[in-house]
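Quick mapping for you: the protein sequence lines, in order, are chains C and F.
Under my numbering, the residue at position 201 of the first sequence is numbered 201, and the numbers go up by one with no gaps.
Under my numbering, the residue at position 262 of the second sequence is numbered 262, and the numbers go up by one with no gaps.
Hints listed in this document are in silico derivations from the structure and should not be mistaken for laboratory results.
Heads up, some of the hints might be wrong.
[Said to hold, decoys possible] Some chain C residues near chain F, calculated using beta-carbon distances under 10 Å: (1) PHE131; (2) ASN132; (3) THR162; (4) LEU164; (5) ASP165; (6) LEU166; (7) ALA176.
All figures in this text were calculated on a predicted structure; none of them were measured in a lab.
For glycine and all other residues, C-beta sits at the position ideal for the given N, C-alpha and C.
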Amino acid sequence: MPGGLILAALLPVMGQGGLEPFQQPERRQPEIFFPQAPRPGEWRKSIGLIFTTTPPELTEEVRVSVPAIDAIIQHGISRRWFVVGRLQTQIVQSNLLVGVRWARPLTDRMFLSVGDDMTGWFGGLKVKDVFNSQAYGFENLPNASLGYRLTKDLQITVRGETILDLYYRSEVGTLAIVDKKLQVNGGAISFILEQPFYGNRHVSLGFRAAYSNFNWQFWSLYDTFDRNLFYPQIIFGFIL
Amino acid sequence: MKSTYYVLVGLLFLSFLGCRKQYEAPIPYTFTNTPGAGRFTKPTRLAMEGVYGVTDGSDQFGEQVALKWTYVINGADTTHFLSIFTGVDVGFFNLQGESKADTLTLTGYWRKLVNTETGRTQLTVHMKHNGQLQRFSGRLAAGDTLVIDGTYGNKAEEPAKKLTLKYRRPLNPKPFAILAHRSGGRTSDLLSVSENSVEIVKMASRLGATGIEIDVRYTKDGIPILYHDNTLNLRLIQKNGLDGDIEKYTYQQLQTFVRLINGERIPTLEEVLETVINNTTLSFVWLDTKYIGPMDKVQAIQQKFLQRAAQAGRQLQIVIGLPTQGAVDAYKALPNKSNTPILCELDTAITQSLGARIWAPRWTLGPQTDEVLAMKARGHTVYVWTLDEPKFIEQFISEGRFEGILSNYSPVVAYYHYTGQ
Numbered sequence: 001m002p003g004g005l006i007l008a009a010l011l012p013v014m015g016q017g018g019l020e021p022f023q024q025p026e027r028r029q030p031e032i033f034f035p036q037a038p039r040p041g042e043w044r045k046s047i048g049l050i051f052t053t054t055p056p057e058l059t060e061e062v063r064v065s066v067p068a069i070d071a072i073i074q075h076g077i078s079r080r081w082f083v084v085g086r087l088q089t090q091i092v093q094s095n096l097l098v099g100v101r102w103a104r105p106l107t108d109r110m111f112l113s114v115g116d117d118m119t120g121w122f123g124g125l126k127v128k129d130v131f132n133s134q135a136y137g138f139e140n141l142p143n144a145s146l147g148y149r150l151t152k153d154l155q156i157t158v159r160g161e162t163i164l165d166l167y168y169r170s171e172v173g174t175l176a177i178v179d180k181k182l183q184v185n186g187g188a189i190s191f192i193l194e195q196p197f198y199g200n201r202h203v204s205l206g207f208r209a210a211y212s213n214f215n216w217q218f219w220s221l222y223d224t225f226d227r228n229l230f231y232p233q234i235i236f237g238f239i240l
Numbered sequence: 001m002k003s004t005y006y007v008l009v010g011l012l013f014l015s016f017l018g019c020r021k022q023y024e025a026p027i028p029y030t031f032t033n034t035p036g037a038g039r040f041t042k043p044t045r046l047a048m049e050g051v052y053g054v055t056d057g058s059d060q061f062g063e064q065v066a067l068k069w070t071y072v073i074n075g076a077d078t079t080h081f082l083s084i085f086t087g088v089d090v091g092f093f094n095l096q097g098e099s100k101a102d103t104l105t106l107t108g109y110w111r112k113l114v115n116t117e118t119g120r121t122q123l124t125v126h127m128k129h130n131g132q133l134q135r136f137s138g139r140l141a142a143g144d145t146l147v148i149d150g151t152y153g154n155k156a157e158e159p160a161k162k163l164t165l166k167y168r169r170p171l172n173p174k175p176f177a178i179l180a181h182r183s184g185g186r187t188s189d190l191l192s193v194s195e196n197s198v199e200i201v202k203m204a205s206r207l208g209a210t211g212i213e214i215d216v217r218y219t220k221d222g223i224p225i226l227y228h229d230n231t232l233n234l235r236l237i238q239k240n241g242l243d244g245d246i247e248k249y250t251y252q253q254l255q256t257f258v259r260l261i262n263g264e265r266i267p268t269l270e271e272v273l274e275t276v277i278n279n280t281t282l283s284f285v286w287l288d289t290k291y292i293g294p295m296d297k298v299q300a301i302q303q304k305f306l307q308r309a310a311q312a313g314r315q316l317q318i319v320i321g322l323p324t325q326g327a328v329d330a331y332k333a334l335p336n337k338s339n340t341p342i343l344c345e346l347d348t349a350i351t352q353s354l355g356a357r358i359w360a361p362r363w364t365l366g367p368q369t370d371e372v373l374a375m376k377a378r379g380h381t382v383y384v385w386t387l388d389e390p391k392f393i394e395q396f397i398s399e400g401r402f403e404g405i406l407s408n409y410s411p412v413v414a415y416y417h418y419t420g421q
C-alpha cells in the first residue's frame, strides 16, 4: 500500500507539454532502471531507499518493512553496452552488486536490455547475550528488462531476474557452515516508473516481487524452509 | 491517460502482494492407534532400536538413519510407535505395527519438515542369518543382522519405491535433552497438529523429543493457557472474526470461539501438564514466560504438577523459563521461591545470582565452550535455544558442550544425537 500512496501523491507532478518520445527516440531522460544504455563514457547515478517486508513464515506475527540505503551507478562503455554497480546497505549488513548490460531500442518507445549481475553480501551482528554471528555469500542474477515510454516524461520498466546461489558461509562464535552449491534460489520481477519529481529532479519508484528460498537481508533469521517465500520490496530513488 | 497508467501499475502492485503461495503437507496415512505394539514384543522393539545403513532409498533419506520406539499412554493402554530419523531435510518416519499381518510389518508415513514432501510407507523386519533373510523372532544370534525393507511412495500414492535398512550399531546411549519448541514443533512447519496444543504434546516423543518448551500466557480472567503470539491471528487459529491481544479474552470465550489452525482448542497449562504426566514419557517441561505480570499462578501449577509427577513415580522436571529482565523481576517478587525450579536465558552472572540450576543461552552466540564448561563445573545444566539449522545442530552436538538443544526440528537433533559415536 505505501507504493500506491506514493504513486497517488506523485500524480500532480507530471510534466506537461513537449515532444512525444517517438518523436525523439535517441533522447535520454534521467533514468536508472529504464533499459537504455548511457552514452559511451556517460555516468548515471541514483540514491534512495529500498524497503523489504519480512515474510510471515519467518517473522510470524511481526511484520517489519526494513529500509536499506540503495545507491546505483552506471557507466556507458559503448553504444549498447554499459556496466552497473549497486550498493544496498543497512550498515550491519550490505550487498554489493556489479553487472554488465546490453541494451537496444525495439521501437521508438520500447527498449530492451539483458544482463548479468554478481552480488556479494555480508552481515555481522555482535549483540551482548543475543548475537555473535556473521555470514556472507555470493549470488548471480541473470536479468532482462523491457522498458516503455508511456509519455515524454514517464517511462515504465518491467524487469525479470533469476536468483542463483553460488556460495554461503555462516558463522556463530567459532563454528561455521558453508554451502557451495550452485542452485536456483528463486526469481524476481520488478515494475518501476521513472518520472520528474519537482523541477529537474527525477525519481525511480517501483516495487520488486522476489519469490525466493533465501534473502540476504534476513540471513540472521536463519530460514530453514526449503520453500520459496515472497519478499515484496518498495523501491524509491532520486536520479542524480 | 497518465492517471490510468498509475492506476494500472497500482493494481498490478496489489495483485502481486496477494500472490503468496499457501503450502500444505497433509499426512497421507491414518493411524489406528490400537493399544499395544502388535507382534512387536518388548525384546523385538529393543533389538530393533539402533542406527541403520540405508541401501535402497539413500537418495531420498540419506546414508544412515536412527530407529527409536516411543509410546503414548492412555489409561491402562500403551500404544507404541516407531520413529525413524533420517537427517535429510529434517525427515522422519512415523510407523505403527500392523497387527493383522503374520510378519513383523510396519505401516505409516514419512515427512520432510523443511518442505512439503511426504508419503506412505510399509516395512517388514527380517533377520539376516547365514546370508539368508528370515523372519525375526525377537532374538538375534551372533552374526545375525536385522534388515528392515519395504517400500515408500510420494503423497497418497501406493508405496512402490524400494527402501532397505541394515542394522549397524546401537543408538548413542549418552544422555542428551532433545527439547521440542512450542510443545513439539511449529505450525508453520505444516505438522498435522497445531503448536502448543494437547495433541502435539502427545506427538512430541514421536518427533524425537525427550522434553518440550511451551508458551504460557494468561487469559483475561487469569487462567494460564498455551499460546505463542501476542495476538489472535490467522497464522495460529482458524478464521473466526476475533483478533487483538489474547489477554483481552476470557478463558470461556477462547474455548467457545477459538480453534487452533488444525481444529484443536487452546489448552490450559494444567491440561498440558496433565497430558505430559498421564500420556507421555517426556522428562522435561520448559514453561516459557510469555506473560507480563505476577508469576504466582504459574508457580502454584508448577508445584502442583511436580508433586503429581513425584507421586506417579515420574522423573519429570518442570522449570519456569526466565527470558527477560521482566520475567526475572516477576520471579524475584514471588514470596516463596522454594520448590520452584527455574531456567535462566540471560547471562551467567544473572543465572548464578538467581540460583537457577539451568542456564540456556541463545545458539546465535556460538558454542561458548569456556562459559559452558565453567557453568557445568559449578553444577549447572546448560541447554541452548532455539537451534534449527541442521548443519549447526550437527556441529553443536559433535563439538559443543551443551547437555541439550531446544529446536523446532527435534527429529534432526534426535538424528545427530542418536547416530553420534
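Hints, one by one, checked against the model:
no.: 1; hint: PHE131; verdict: holds, 5 Å
no.: 2; hint: ASN132; verdict: holds, 5 Å
no.: 3; hint: THR162; verdict: violated, 17 Å
no.: 4; hint: LEU164; verdict: violated, 20 Å
no.: 5; hint: ASP165; verdict: violated, 15 Å
no.: 6; hint: LEU166; verdict: violated, 18 Å
no.: 7; hint: ALA176; verdict: holds, 8 Å
In summary, the numbered hints that this structure violates are 3, 4, 5 and 6.
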